[in-house]
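Spelled out from the first residue to the last, the chains are:
Number of protein chains: 2
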Amino acid sequence: MARILITGGTGFVASHLVEALHKRGEEDIHLTAYRDEGEFVKQFVKTKNIHQLNLADKQATLDLIQKIQPDQIYHLASLASVGDSFEKQSFVLEMNIALQVNLLEAIKLHVPKTKLLHISTALIYAKSNQPLNELATVGPDNPYALSKFTQDLLTQIFSQKENLQAVIARPFNHIGERQTLGFVVADWAAAIARIERGEQESLPVGNLSSVRDFTDVKDMVQAYILLMEKGLQGEIYNIGSGQGVKIQEILDLLCSLAQKPIEVIADPQKIRPIDLPSLVCDNEKIMTLGWQPKHQLKATLARILEYWRENL
Amino acid sequence: MARILITGGTGFVASHLVEALHKRGEEDIHLTAYRDEGEFVKQFVKTKNIHQLNLADKQATLDLIQKIQPDQIYHLASLASVGDSFEKQSFVLEMNIALQVNLLEAIKLHVPKTKLLHISTALIYAKSNQPLNELATVGPDNPYALSKFTQDLLTQIFSQKENLQAVIARPFNHIGERQTLGFVVADWAAAIARIERGEQESLPVGNLSSVRDFTDVKDMVQAYILLMEKGLQGEIYNIGSGQGVKIQEILDLLCSLAQKPIEVIADPQKIRPIDLPSLVCDNEKIMTLGWQPKHQLKATLARILEYWRENL
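Here the protein sequences line up with chains H and Z, keeping their order.
Counted from 1, the first sequence has number 13 at position 10 by this note's numbering; the numbering is strictly sequential.
Counted from 1, the second sequence has number 202 at position 199 by this note's numbering; the numbering is strictly sequential.
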């Protein structure tokens with residue numbers, strides 16, 4: 004059994020990753036938490052294994068890695084921010100690069116044989132109406148995406164120069180229970196749950212014509228586990244269902260699952276200034292490794308809606 | 004007459020830039036200095052216009068830009084490091100990104116109409132045996148090059164999102180008087196000057212087969228001045244002579260200029276672990292703007308050798 008460290012360990016994705024690892028019999032799981040959160044994962048992870056620290060604090064990160072000596076690191080921690088001000092985004096940029104540097108240095112110093120799965124994002128790619136493979140043109144157009152791209156390049160340099168066993172995952176959109184508000188599916192499902200209760204009248208929506216590639220978070224974390232096992236050193240793997248779906252279709256599916264008719268109203272304020280016209284994964288590389296998404300979109304949406312009915 | 008700010012204002016390149024601007028009648032020139040240096044530029048710039056600060060200090064940078072209100076900024080400041088440890092290079096990465104963020108935010112806040120020439124580097128490109136134009140594949144393979152690439156992308160985001168008048172220059176190797184030791188031409192010229200004086204016996208050299216594109220720093224700063232005037236917003240311009248020269252040829256030329264025979268000896272320690280096989284500029288874009296290098300390599304080398312004879 005491996006000793007596993009998950010950074011960003013109390014977030015939405017980590018909660019599903021911990022669940023999946025637990026089902027595989029993994030018990031020696033450590034998490035890092037930026038804030039005191041993660042009620043869900045406390046079901047599966049001993050409280051003493053939840054380490055609260057800021058990975059941008061170099062000494063704290065060095066100390067943690069030295070103490071835990073993980074065999075595997077799922078590196079999910081990053082500040083996320085797309086819609087905020089340039090100033091806040093610049094802070095995100097600096098923090099995300101600092102934490103990446105610190106983690107890589109800590110690995111080099113204390114656990115150079117550790118396998119690292121670095122979780123990047125498909126947002127680093129330039130806009131395109133074609134499905135994106137790992138060789139697609141890169142064009143981060145905000146400081147958050149830039150911070151993730153810089154993390155990737157730093158990880159690759161580290162892999163090449165220091166022979167670190169690092170693999171890079173670039174997930175496309177993923178959805179599921181426990182995703183925080185601020186993401187479209189969570190927002191809509193929560194609003195529908197409120198409408199069903201009579202606490203809200205209508206559902207305000209933004210741009211419905213964008214095309215995205217939605218993967219169930221449970222399929223996503225299976226890809227991460229697969230990459231930890233079989234990903235090749237220094238390689239990048241895009242992860243997504245491969246199916247482009249109009250946001251309108253997500254809305255229609257959610258409304259069809261609602262227990263009462265949903266009044267949808269257009270809200271111009273919800274349209275982001277720069278919305279990618281399309282963001283769809285060419286998933287051939289990860290499929291070749293043996294991954295395949297198992298969850299149907301409608302069933303995933305039904306589960307998410309049920310989650311919000313129970314957790315508002 | 005424009006108010007001009009040069010960051011990294013007391014370095015090698017800045018000293019030539021100040022001289023060239025001065026010859027054009029520019030007198031309202033401000034410099035930033037990281038350390039107390041820049042004896043040469045004090046000939047041309049009032050001492051009160053030399054501002055000592057660390058641009059990675061956000062408040063100091065905001066205060067400076069607010070106070071000076073420059074019309075034009077030549078942004079040369081960055082920590083440079085290629086040969087050092089990974090740890091030191093990571094510090095360079097974080098510092099260079101922080102200072103870029105701070106400068107861009109200061110411009111946005113206090114002088115949004117300022118024209119910014121951001122000085123990047125050709126080192127961000129992936130290895131290639133073809134001359135490199137602005138669309139060449141990028142592949143920063145050390146944290147310094149990565150920091151410069153991240154600076155570029157951040158500058159482009161800022162140019163697009165905040166409509167900053169920013170232009171990006173990617174210089175290839177450039178040489179001239181006052182370049183610090185640690186660069187091959189300066190090292191060899193200084194060594195030859197010492198051999199001429201009888202203070203050194205022989206000239207130790209590393210890899211001589213690499214091909215580089217050497218531009219006289221005086222031609223380089225003319226390109227910067229041209230880009231400040233005519234460069235298009237958000238655009239990248241590679242700058243170099245366009246001529247690939249074997250390092251062996253530089254050595255032969257310098258030895259031919261020496262006042263006594265030079266004994267050259269091979270020093271395996273001077274061979275960098277990763278030496279680009281070739282790094283040559285495709286300069287069509289900057290040539291189209293009206294730039295052309297005016298100095299012949301041999302004359303430049305003779306000037307550099309003369310500099311070291313007088314300044315050892």
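Since the hints were made in silico from the structure, they are not lab data.
Among the hints, erroneous ones may be present.
Unchecked claim - Derived PhoX-like pairs (lysine-lysine); straight-line CA-CA distance at most 25 Å:
| id | chain 1 | residue 1 | chain 2 | residue 2 |
| --- | --- | --- | --- | --- |
| 1 | H | K164 | Z | K164 |
| 2 | H | K116 | Z | K91 |
| 3 | H | K49 | H | K70 |
| 4 | H | K233 | H | K288 |
| 5 | H | K111 | H | K221 |
| 6 | Z | K288 | Z | K233 |
| 7 | Z | K263 | Z | K288 |
| 8 | Z | K164 | Z | K249 |
| 9 | H | K91 | Z | K61 |
| 10 | H | K130 | H | K26 |
| 11 | Z | K263 | Z | K301 |
| 12 | Z | K297 | Z | K249 |
| 13 | H | K130 | H | K61 |
| 14 | H | K249 | H | K130 |
| 15 | Z | K164 | H | K91 |
| 16 | H | K26 | H | K221 |
| 17 | H | K297 | H | K26 |
| 18 | Z | K26 | Z | K51 |
| 19 | Z | K91 | H | K70 |
| 20 | H | K61 | Z | K221 |
| 21 | Z | K116 | Z | K70 |
| 22 | Z | K164 | Z | K26 |
| 23 | Z | K91 | Z | K111 |
| 24 | Z | K233 | Z | K249 |
| 25 | H | K221 | H | K288 |
| 26 | Z | K91 | H | K61 |
| 27 | Z | K70 | Z | K45 |
| 28 | Z | K130 | H | K91 |
| 29 | H | K130 | Z | K164 |
| 30 | Z | K233 | Z | K221 |
| 31 | H | K26 | H | K164 |
| 32 | H | K263 | H | K301 |
| 33 | H | K116 | H | K297 |
| 34 | Z | K116 | H | K91 |
| 35 | Z | K130 | H | K164 |
| 36 | Z | K233 | H | K91 |
| 37 | H | K111 | Z | K164 |
Note that the coordinates shown come from a computational prediction; the quantities given were computed from them, not determined experimentally.
Status of each hint after checking the structure:
In summary, the hint linking K164(H) to K164(Z) is not supported, as the alpha carbons are separated by about 35 Å, beyond the 25 Å threshold. Distance restraint check for K116(H) and K91(Z): the Cα-Cα separation of roughly 22 Å lies within the 25 Å cut-off, and the hinted pair is therefore satisfied. Under the criterion of a C-alpha separation no larger than 25 Å, the hint pairing K49(H) with K70(H) is consistent with the structure, at around 16 Å. Of the pairs offered as hints, the one joining K233(H) and K288(H) holds, with about 12 Å between alpha carbons and a cut-off of 25 Å not exceeded.
Restraint check for K111(H) and K221(H): the C-alpha separation of about 31 Å exceeds 25 Å, so the hint is violated. Using a Cα cut-off of 25 Å, the hinted pair K288(Z) and K233(Z) holds, with the two alpha carbons roughly 12 Å apart. Proposed proximity of K263(Z) and K288(Z) is contradicted: the alpha carbons are some 42 Å apart, above 25 Å. Taking the CA atoms of K164(Z) and K249(Z), the gap is near 42 Å; set against the 25 Å cutoff, the hint is violated.
Straight-line distance between C-alpha atoms of K91(H) and K61(Z) comes to about 13 Å, which keeps the hinted pair within the 25 Å bound. With a C-alpha separation of about 38 Å, the suggested pair K130(H) and K26(H) falls outside the 25 Å cut-off, and the hint is violated. Our distance criterion of 25 Å between C-alpha atoms is met by K263(Z) and K301(Z), whose separation comes to about 17 Å. About 20 Å separates the Cα atoms of K297(Z) and K249(Z), which keeps this hinted pair within 25 Å; it holds.
A hinted pair counts as satisfied when its Cα atoms are at most 25 Å apart, and K130(H) with K61(H) does not qualify at roughly 35 Å. Distance check on the hinted pair: K249(H) and K130(H) sit about 16 Å apart at the alpha-carbon level, within 25 Å; holds. Our distance criterion of 25 Å between C-alpha atoms is met by K164(Z) and K91(H), whose separation comes to about 14 Å. Taken as a hint, the K26(H) and K221(H) pair is honoured in the structure, with Cα atoms around 12 Å apart against an allowance of 25 Å.
Restraint check for K297(H) and K26(H): the C-alpha separation of about 17 Å stays at or below 25 Å, so the hint holds. Between K26(Z) and K51(Z) the alpha-carbon distance is near 20 Å, which keeps this suggested pair within the 25 Å criterion. For the given pair, K91(Z) sits about 24 Å from K70(H) by alpha-carbon distance, which is consistent with the 25 Å threshold. Proximity of K61(H) to K221(Z) is assessed by CA-CA distance (about 42 Å); at most 25 Å being required, the pair is judged violated.
Distance restraint check for K116(Z) and K70(Z): the Cα-Cα separation of roughly 15 Å lies within the 25 Å cut-off, and the hinted pair is therefore satisfied. Proximity of K164(Z) to K26(Z) is assessed by CA-CA distance (about 36 Å); at most 25 Å being required, the pair is judged violated. Restraint check for K91(Z) and K111(Z): not satisfied, since their Cα atoms lie roughly 30 Å apart, outside the 25 Å limit. The straight-line distance between the Cα atoms of K233(Z) and K249(Z) is roughly 32 Å, outside the 25 Å bound, and the hint therefore fails.
For the hint linking K221(H) to K288(H), the alpha-carbon distance of about 19 Å falls within 25 Å, and the restraint holds. The hinted pair formed by K91(Z) and K61(H) meets the criterion: a straight-line CA distance of about 13 Å does not exceed 25 Å. The suggested pairing of K70(Z) with K45(Z) holds, with an alpha-carbon distance near 21 Å, which does not exceed 25 Å. For the hint pairing K130(Z) with K91(H), the CA-to-CA distance comes to about 35 Å; that exceeds 25 Å, so the pair is violated.
Distance restraint check for K130(H) and K164(Z): the Cα-Cα separation of roughly 16 Å lies within the 25 Å cut-off, and the hinted pair is therefore satisfied. Restraint check: the Cα-Cα separation between K233(Z) and K221(Z) comes to about 18 Å, which is no more than 25 Å; the hinted pair holds. Of the pairs offered as hints, the one joining K26(H) and K164(H) is violated, with about 36 Å between alpha carbons and a cut-off of 25 Å exceeded. Restraint check: the Cα-Cα separation between K263(H) and K301(H) comes to about 17 Å, which is no more than 25 Å; the hinted pair holds.
With a C-alpha separation of about 32 Å, the suggested pairing of K116(H) with K297(H) is violated against the 25 Å cut-off. A C-alpha spacing of about 22 Å is found between K116(Z) and K91(H), which places the hinted pair at or below 25 Å, so the restraint holds. Annotation: proposed proximity of K130(Z) to K164(H) holds, straight-line Cα distance about 16 Å (limit 25 Å). Proposed proximity of K233(Z) and K91(H) is contradicted: the alpha carbons are some 32 Å apart, above 25 Å.
Among the hinted pairs, K111(H) with K164(Z) is inconsistent with the structure: their alpha-carbon atoms are about 37 Å apart, more than 25 Å.
The structure fails to meet hints 1, 5, 7, 8, 10, 13, 20, 22, 23, 24, 28, 31, 33, 36, 37 from the earlier list, while all remaining hints are met.
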